[in-house]
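Participant: Spelled out from the first residue to the last, the chains are:
Protein chains: 2
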Amino acid sequence: MPTDTRERLVDAGAELFRLQGFAGTGIKAILAEAHAQFSSLYHHFPGGKDELAEEVIRTTGAAYQELVKAVWDQADDVVLGVESVFEGAAAVLEATDYADACPIATVALEVASTNERLRVATADVFGDWVLGATLKFTEVGIGAGQARRLALSVIALLEGSFILARATKDTEPVRAAGQTAVDAVRLTLEALGRRSRPEPPSRPLHAG
Amino acid sequence: MPTDTRERLVDAGAELFRLQGFAGTGIKAILAEAHAQFSSLYHHFPGGKDELAEEVIRTTGAAYQELVKAVWDQADDVVLGVESVFEGAAAVLEATDYADACPIATVALEVASTNERLRVATADVFGDWVLGATLKFTEVGIGAGQARRLALSVIALLEGSFILARATKDTEPVRAAGQTAVDAVRLTLEALGRRSRPEPPSRPLHAG
DNA sequence: GTCTATAGAAGGATAGAC
DNA sequence: GTCTATCCTTCTATAGAC
Numbered sequence: 001m002p003t004d005t006r007e008r009l010v011d012a013g014a015e016l017f018r019l020q021g022f023a024g025t026g027i028k029a030i031l032a033e034a035h036a037q038f039s040s041l042y043h044h045f046p047g048g049k050d051e052l053a054e055e056v057i058r059t060t061g062a063a064y065q066e067l068v069k070a071v072w073d074q075a076d077d078v079v080l081g082v083e084s085v086f087e088g089a090a091a092v093l094e095a096t097d098y099a100d101a102c103p104i105a106t107v108a109l110e111v112a113s114t115n116e117r118l119r120v121a122t123a124d125v126f127g128d129w130v131l132g133a134t135l136k137f138t139e140v141g142i143g144a145g146q147a148r149r150l151a152l153s154v155i156a157l158l159e160g161s162f163i164l165a166r167a168t169k170d171t172e173p174v175r176a177a178g179q180t181a182v183d184a185v186r187l188t189l190e191a192l193g194r195r196s197r198p199e200p201p202s203r204p205l206h207a208g
Numbered sequence: 209m210p211t212d213t214r215e216r217l218v219d220a221g222a223e224l225f226r227l228q229g230f231a232g233t234g235i236k237a238i239l240a241e242a243h244a245q246f247s248s249l250y251h252h253f254p255g256g257k258d259e260l261a262e263e264v265i266r267t268t269g270a271a272y273q274e275l276v277k278a279v280w281d282q283a284d285d286v287v288l289g290v291e292s293v294f295e296g297a298a299a300v301l302e303a304t305d306y307a308d309a310c311p312i313a314t315v316a317l318e319v320a321s322t323n324e325r326l327r328v329a330t331a332d333v334f335g336d337w338v339l340g341a342t343l344k345f346t347e348v349g350i351g352a353g354q355a356r357r358l359a360l361s362v363i364a365l366l367e368g369s370f371i372l373a374r375a376t377k378d379t380e381p382v383r384a385a386g387q388t389a390v391d392a393v394r395l396t397l398e399a400l401g402r403r404s405r406p407e408p409p410s411r412p413l414h415a416g
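Taken in order, these protein sequences are the chains called A and B. Numbering of the first sequence is given in the numbering used here, commencing with residue 1 and proceeding in unit increments. Numbering of the second sequence is given in the numbering used here, commencing with residue 209 and proceeding in unit increments.
Treat the hints as calculated values from the structure; they're not laboratory data. This list has only true hints and no planted wrong ones.
If you only want the chain A side, here are some residues facing chain B, beta carbon under 10 Å, derived:
#1 21
#2 98
#3 102
#4 105
#5 122
#6 123
#7 130
#8 150
#9 156
#10 166
#11 169
#12 179
Every residue, glycine too, gets a C-beta built ideally from N, C-alpha and C.
Please model the entire structure based on the sequences and the hints provided.
Facilitator: Structural data, given as structure tokens:
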């Protein structure tokens, strides 16, 4: 009733896949959550569970990128932007009892060696994220190679710390990873600044 | 080829869970892989699939820690040790067509919000890894807080880059994450060398 | 496009003979 | 401890009425 059936199916699938994974979520559970019928699912997604899952991966992947970008852009500079992303993620984890982290990570690991169609979908999403983060770093003058390495590392720190945080029900890994991400970006920027105008850092990088 | 039925069940479960996840692996598939019967599984593991999975998580978690420790210890110093771990992981990924990464990551995400018994098992394993890596860093004179933060970050970089690498079938994320991990450790050591005091005071980077 | 009903396979788990 | 046979549930997917 609130929205159209197709959208409800995607939303329900997104929530359950993120929480329980792909194999752990039955179609019937999705239908119940979406208040929809079998016929509706196979009408909107003739490819069945796989087609719905691909749609969920691509739409939630793009939505999450937008969310992160919004948080990032609200900060005054790149370093604070990265810091905000990790702080925001930690806050969401705590607020949702460590249920709500990356929308596609669980599915990505599940399908990596078992479902080529969905594997490619997750690869596309991660690829977009890497390109987006790389752009953030090149925009502040970091070279392409370094920017891409930083982007991959920041995303890896985020994803890896999500695993540790959800397993241990503790935000410490996210905060630790966030600090390392911040240090990596700051270090790269300072090395960049030393090339143009030599000025040593006024305080040590690692103080905590 | 283990002759013990119980061991064959654990090995088969380990391989299939790592590759397909927990929910995606049926008991019948494990029995077929292990050349065992239903009665054998429920004889050795009265708790059924959950009990087998917990055993798999704890044993493969400990085994992986030993493997990483062996690679790490073979290097001449901490920085080269960390570098070797990431290089070794990338080599294994390539050699196994991106199937063989972390033995428990997929299951950890699957069960984090759905199976408390298995969630605790994965948390225990990750906790042991963090303690082990922390010890490596304190052994070279890094303070407890910094060492733990580095340990959490290195493990997060490893786990996160595994997700990206398996999804994209490319080792680039692992090599990028490895470089960031190496830089973080090296930077901490250099900052340590610049200090006269053996233990720097713990203080957040961004006050307020 | 939505409803009910059901097929056909696979899921986890158990019983009883030996 | 191992074997065969089986129970009941859940799974994905389809059929056919409306």
